[in-house]
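*Asks:* Sequence:
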Amino acid sequence: MDFMGMMKKAQAMQAKLQETQDELQRVEVQGESGGGMVRATMSGKGDLKSLAIDPSLLTPSDKEMLEDLIVAACADAKGKAEQAAAEKMQALTAGLPLPPGMKLPF
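UniProt numbering numbers the first residue of the sequence shown as 1 and each following residue consecutively.
Quick caveat, the hints were computed from the structure, so don't treat them as lab data. Quantities reported herein were computed from a predicted structural model and do not represent experimental measurements. Glycine included, every Cβ here is placed at the ideal spot set by N, Cα and C. Just so you know, not all the hints are guaranteed correct.
Pairs of lysine to any residue, SDA-like flavour, derived with a Cα cap of 20 Å [unchecked claim]:
no.: 1; residue 1: Lys-88; residue 2: Leu-57
no.: 2; residue 1: Lys-49; residue 2: Gln-11
no.: 3; residue 1: Lys-45; residue 2: Ser-56
no.: 4; residue 1: Lys-80; residue 2: Thr-41
So the derived label-pair ranges between C-beta atoms look like this [what the hints assert, rightly or not]:
no.: 5; residue 1: Lys-63; residue 2: Val-27; range: 49 to 55 Å
no.: 6; residue 1: Glu-87; residue 2: Ser-50; range: 21 to 27 Å
no.: 7; residue 1: Ser-61; residue 2: Glu-28; range: 43 to 49 Å
no.: 8; residue 1: Ala-15; residue 2: Pro-60; range: 37 to 43 Å
no.: 9; residue 1: Gly-79; residue 2: Asp-22; range: 19 to 25 Å
no.: 10; residue 1: Ala-15; residue 2: Met-65; range: 20 to 26 Å
no.: 11; residue 1: Lys-49; residue 2: Ala-15; range: 25 to 31 Å
no.: 12; residue 1: Asp-62; residue 2: Gln-14; range: 32 to 38 Å
no.: 13; residue 1: Met-7; residue 2: Asp-47; range: 43 to 49 Å
no.: 14; residue 1: Asp-47; residue 2: Glu-67; range: 19 to 25 Å
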């Protein structure tokens, strides 16, 4: 059993994991709702970066609808961010003997 070799592989994996996490912070995904009238931009890690609202929605009588559209746009963006993260992690862990369902980072 090559303990030093395993340690080097673990360190390399840790460096790749950190690099992937940094990359996910720079990736931006955009979710939308209301036919594009509300757009939410998030990082690949799920941090909300910006929110754009069509001015036609800014009326007091449409308050509840606007709130629903914002939630829907954020959910859409979050789903895309999670998909981007899953793809990055899948590429990172390709070929590793991880048990089924085990995700990185732990």
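*Asks:* Which of the stated hints cannot be reconciled with the structure, identified by number in ascending sequence?
*Replies:* Numbers 1, 2, 3, 5, 7, 8, 10, 12 and 13, in rising order.
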